[in-house]
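Colleague: For the protein sequence lines, the chains are R and V, in the order given.
If you want my numbering, it's the 1-based position in the first sequence plus 574.
If you want my numbering, it's the 1-based position in the second sequence plus 1151.
Honestly, the hints are just simulated from the structure, not real lab data.
As the structure is a prediction and not an experimental result, all values here were calculated from the model.
In this text, a Cβ means the ideal position worked out from N, Cα and C, and glycines have one as well.
Hints are not guaranteed to be accurate.
To be verified - Think about it this way: if two alpha-carbon atoms lie no more than 30 Å apart in a straight line, the pair counts; the simulated DSS-like pairs of lysine-lysine are: (1) R/Lys695 <-> R/Lys725; (2) R/Lys725 <-> R/Lys836; (3) V/Lys1257 <-> R/Lys1003; (4) R/Lys695 <-> V/Lys1319.
Claimed, not checked - From the structure, some residues in chain V lie toward chain R, with a derived Cβ separation under 7 Å: (5) Gln1289; (6) Ala1293; (7) Leu1323; (8) Gln1333; (9) Cys1334; (10) Lys1349; (11) Phe1367; (12) Ala1394.
Claimed, not checked - Take a look, some chain V residues computed to stay more than 10 Å from chain R by CB distance: (13) Ala1207; (14) Asn1371; (15) Ser1436.
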Amino acid sequence: MTRQTEFANRLVGSPAGANIVRLCALTLAAILATGGAALGFGQAPAVTPTPATPAAPKPEKKAEVAPKKKIMAGYEVHQVLELGGNIVSKDGSDAMWATMVNEASGMRLVGQSLTMHSVDKSKTPFFDTLTTNSFGYGGEPVDATYLNMSKGKWYDFAGSFRRGRNYVDYNLLVNSFLTNATATAPVLVPEPSTLHLFNTVRHNTDTMLTLLPVSRISFRAGYSHSTTEGPTYTTIHAGGDVSQNQWWRNGLDTYIGGVDAKLSKRTMLSYDQFLAFYRGNTSNQLAPTPFTLADGTMTSLGFNVLTGPTVTCGSGATKTQNVINGIANPFCSQTLVQQQSAPTRTSFPTEQVRFSSHDWGKVAMNGRYVYSGGVSNVNQFGETFNGFISRSTLRQQIDTGGLNDRGRLAQNKRINVNADYGIEAELSKYFSVSDTFNYWDVRMPGHSVLVSNVWDNTPLVPNGPTPVPSADLSVNTPLNSLHNYVTTRESFGYLAHKNIGNTVMGIYNATPAVKLSGGWRFNNRQIKYAEDPTMTWHQNGALVGLAVQPSRLYRFNLNYDSMNSHSSNSETTPSNTYTRLAPNSFHHFRGRFQTNPKKWVNLAVTYNEYDAKNNDPFVNHKEHNRNFSFATQFTPIETLSIDFDYSHDSVYSQTDLCYVFTATANAPLPSNAGPQNVGTCQYNTTTTPLYLGSGLYDVPSNFYLAGLTYTPSKYFRFNGGVRIVGSGGTAMLLNPYNPPGAISSTVLSPYSDLSINIAPQWSWHGYWTHHSYNEDGPPGGSIPAAGGVIPARDFHGDVVTLSVKYAF
Amino acid sequence: MHIDRRKASLPIAALGMSPRRLVLFVCLLGVGMFSLVAPAAPASGASPSAKAGQAAPAPGDFVGGEACATCHEEVSKGFESNPHSKLAEAHGKTGVTCEGCHGPGKAHVDGGGDVTKIFNPAKASPKEVDEKCLTCHQGNHANFLRTAHGEANVSCVGCHSVHTGEDKEQQLKIAQPKLCFQCHTDTKPQFNMPFHHKVEEGLVKCSDCHDPHGTFSKKNLRSSSQMDLVCTKCHMEKGGPFAFEHPVVKTEGCVACHFPHGGPNPRLLNRATVNTICLQCHSPSMNFTTSNPVGPAHNQATQYQSCTICHASVHGSNTSEFFFNATE
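Use the sequences and the hints to build the structure in full.
Modeller: Spelled out as structure tokens, the structure:
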């Protein structure tokens, strides 16, 4: 557990002192301080319960020393504030440090918490209980605030704000590997980072207010706000795969209203109305490049340039290399302008009715019905390309939406009807049955109209310009010498997915300690895509369970479920699954054992095995995920606790696949390349030969956690340990220059945490963690002399957090 | 009745029933079968405390919360800030307090604190605990008994502690994710892999995606407010709907290509390279109609090393049927 979650767990610090420090009030969120100050009630004396009956023998043991209460404005107040800072030292890959750790030096609000409980609820009209806690502000990649308030039977409020930075620059992701560069023709543009680098921030705000929570009718109102925003890179196919700056900017606002009505003591009917509004404002434009035309205009030759300067463009006297001294050859494909704006507005009004009832003694049932009809519009669409694509002779294209006169590109819908029903019936003390019915039907029709204004050198058209000789075509060709025309492309899309399922279970309580269950699950699945006929599958599966709990000290669970999928009609549904990667059968076995045989030892053991396959002879898909893990905790003495966790996880998958590979001197055919045009690849419909591959992914990993907590006195607490995650896998990588990367790596994280109570209410806290990431394989890339080696991803670093905590 | 043995994987499928009627038939058949074979209930071997709870208590059997505080002073004081205390304010402030959960206390008090005369969740069976808690909480946790935790006898007190506990708001014994990892030891390592959802860092909670009390979905997964996969609550831009859908995203779900918790591959992909994910489907096959990428432009030996260099909008696109970022 990191220090953030550990702090959040420790809501109460050392005993409150006698003095109120002004700083404690100022550190509160403004709304909390305003709410507290507005109360204006005087302190109420503590309530002393009077004995109602003669004292019973053996009263329970009281705490040794009752901490003094801090009473303010009618509330018992506890606060903790921890301020400090990080000191970070690292070496190795900055990109991977930012991707996996993303810690930097600086001051931090390490943690804050406030709890307020009313001492006389009749004198605190706004709330009886308030709790809030925060952590991470000041520069942590994750920071959050939680707030909960309640006033007896009147309302409950829960709110949270969470922020997370997501930086991804794993340079093996979407990397060309520069395979055609040579020592004499080195790369022109190095590719040290992933072409799809992400640096976004996600904010999530969730609030829910429940009015009259214990009344016969209660109401709920909630609001959620989620945004993701930040710069990223992406790539565009045209013009030689150019790099784009993409400003990621999306948000989702959800308004929730609901009412719960208790029709009887144990029957409830609920209605929920959801209104979700999505705003997609992500846009992109050409990323800066190091190349220009002769007149200084910035131009991008795309990642085609990585094929090396042996590429020539033009003809006759104009035939030269694609780039000379940073000046691009105008006869090569390139991009001067590439930008797109596609504002998307989607609304999802959703209605949900739920009921539950347990009024008939041994029978309980519940159900829900949901209708959601979402509409998505892409309005004021605009995309502009200006440059030159030699293959299509395109010189400029301006796209707009043509669905209406305001540039709407597309209108798509998502209609979802969902109905679920469940019932449990206790037939006798030993037997009960349950049944769950699910109906899920989603349809997504789409409609788009794209209007394109095109300038290219298409052949002679009536009254059109005379085509420019192909040898003269370049990025400098004037637009007025080209053929300009408008095209309209209208598209209709449709995807429908319906699932009707039922699960029936029988439960036998052999003894109070032993429970057996068994059942059958059936699904009828239908998918229709575009003009394809509707395809239908039947899925059947068995479920078996065993729960053994002879006492509170032991619990043992075994569960098994399986599934078989078959086409219901081989004529319209030739396969037993919709996709090749989906299994048509699986077996899933889980065993869990927990025991607490003595107060000083806890043990939990899990075995989880999932095996699946698609036995279509032209798919040959097999996969498994097998995990054995355990977690133990020993507390041999009151002041010492030792934890040890271990997990072995084996993830395996293979699927027959076909791929193109034209070997070159720099990229020879991999030694494990399969034969051509055999197996499923015999159904190749082109003249390009296809190699058969296994798609192997075999990555076992081991996880170790060892830690101890030592608390010799109330003044001193030490917690230290180490986490190790080691993956040692192999996979089919296709590209001979692609190293294994993180599938063969070790993550090592020793840590220590020291807390010393330096004075009443004050404690000092020092936390150290080391982050180490090492890969077993090479960094990757092509010939080093050609500059094709990409930076290694290993890193090591230490993060030291020093803080002072004050509890009051 | 015609039986098409070619199609029947089970005899039931051969009956020619529609799925809806089939489901109804099986439910009725199952209930009937169990009714026939279930033995008569023997003499109850339930614990005395459960026995005491089964008969409707008389008003005089209740002693009131103040009596409980006489011996259980610390617990009673702490209860003032407990969410359950609002029950006391119901019904004109004569609502239930301690005895609402523990049962009538007169016999316990008269017996000098006889622990057999009061309901103690710590000593009761999971079934008894679940029945007790679901008396009030059935409405919001109606799926509990039918789903994994309920069937596994985890019981409410497996995670919750009304009087003690680290997480006061949710009445949890210890906070997430440590609570969940106590049993789900196989899941904790996934959140320590190189690429993972930030659960251990405190950004994401297990309950953001899973409802531990059960849902109608597999693995107790929640739905987003727009009734889509729960992933789209945060990854909202992936949900669409799009003019050009990538069917596998909607039909097989996000886990067709991604590990949901964590893994060694970037973007939590379930393969080391994107290409081997795509080629699983996009390979020629007799029984599947997915188009396959062929030709020099898709030569794995050239610089076009990743499918998503060109097909960047792989979750769906409004501009390109080939999931390019641009309209070409």
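Colleague: Is V/Asn1371 truly not at the interface, in the sense that its beta carbon sits beyond 10 Å from all beta carbons of chain R?
Modeller: Check passes; 13 Å lies beyond 10 Å.
Colleague: Are V/Gln1289 and chain R close enough, Cβ to Cβ, to be under 7 Å, as the hint says?
Modeller: With Cβ-Cβ at 5 Å, under 7 Å, it holds.
Colleague: So, as I understand it, the hint says V/Ala1394 touches chain R; can you test that by seeing if any CB pair is closer than 7 Å?
Modeller: 4 Å, holds
Colleague: Restraint: V/Cys1334 near chain R, CB-CB cut 7 Å. Satisfied or not?
Modeller: The hint holds - V/Cys1334 has a Cβ within 7 Å of chain R, the shortest such distance being about 6 Å.
Colleague: Under 7 Å, Cβ to Cβ, is where V/Ala1293 needs to be relative to chain R, so tell me if that hint holds or is violated.
Modeller: 3 Å, holds
Colleague: Checking hints one by one. Is V/Leu1323 an interface residue toward chain R, by the C-beta closer than 7 Å rule?
Modeller: 10 Å, violated
Colleague: Has the given pair, V/Lys1257 with R/Lys1003, been kept, meaning a C-alpha gap of at most 30 Å?
Modeller: 28 Å, holds
Colleague: With d taken as the least Cβ-Cβ distance between V/Ser1436 and chain R, does d exceed 10 Å?
Modeller: 5 Å, violated
Colleague: R/Lys695 and V/Lys1319: Cα distance at most 30 Å?
Modeller: 19 Å, holds
Colleague: Would you mind confirming whether the straight-line C-alpha gap from R/Lys695 to R/Lys725 stays at or under 30 Å?
Modeller: 8 Å, holds
Colleague: Does the CB of V/Lys1349 sit less than 7 Å away from some CB of chain R?
Modeller: Cβ of V/Lys1349 sits 6 Å from chain R, so the hint holds.
Colleague: Does the alpha-carbon distance linking R/Lys725 and R/Lys836 stay inside the 30 Å limit?
Modeller: 21 Å, holds
In summary, the structure is inconsistent with hints 7, 15 from the numbered list given earlier, while agreeing with the others.
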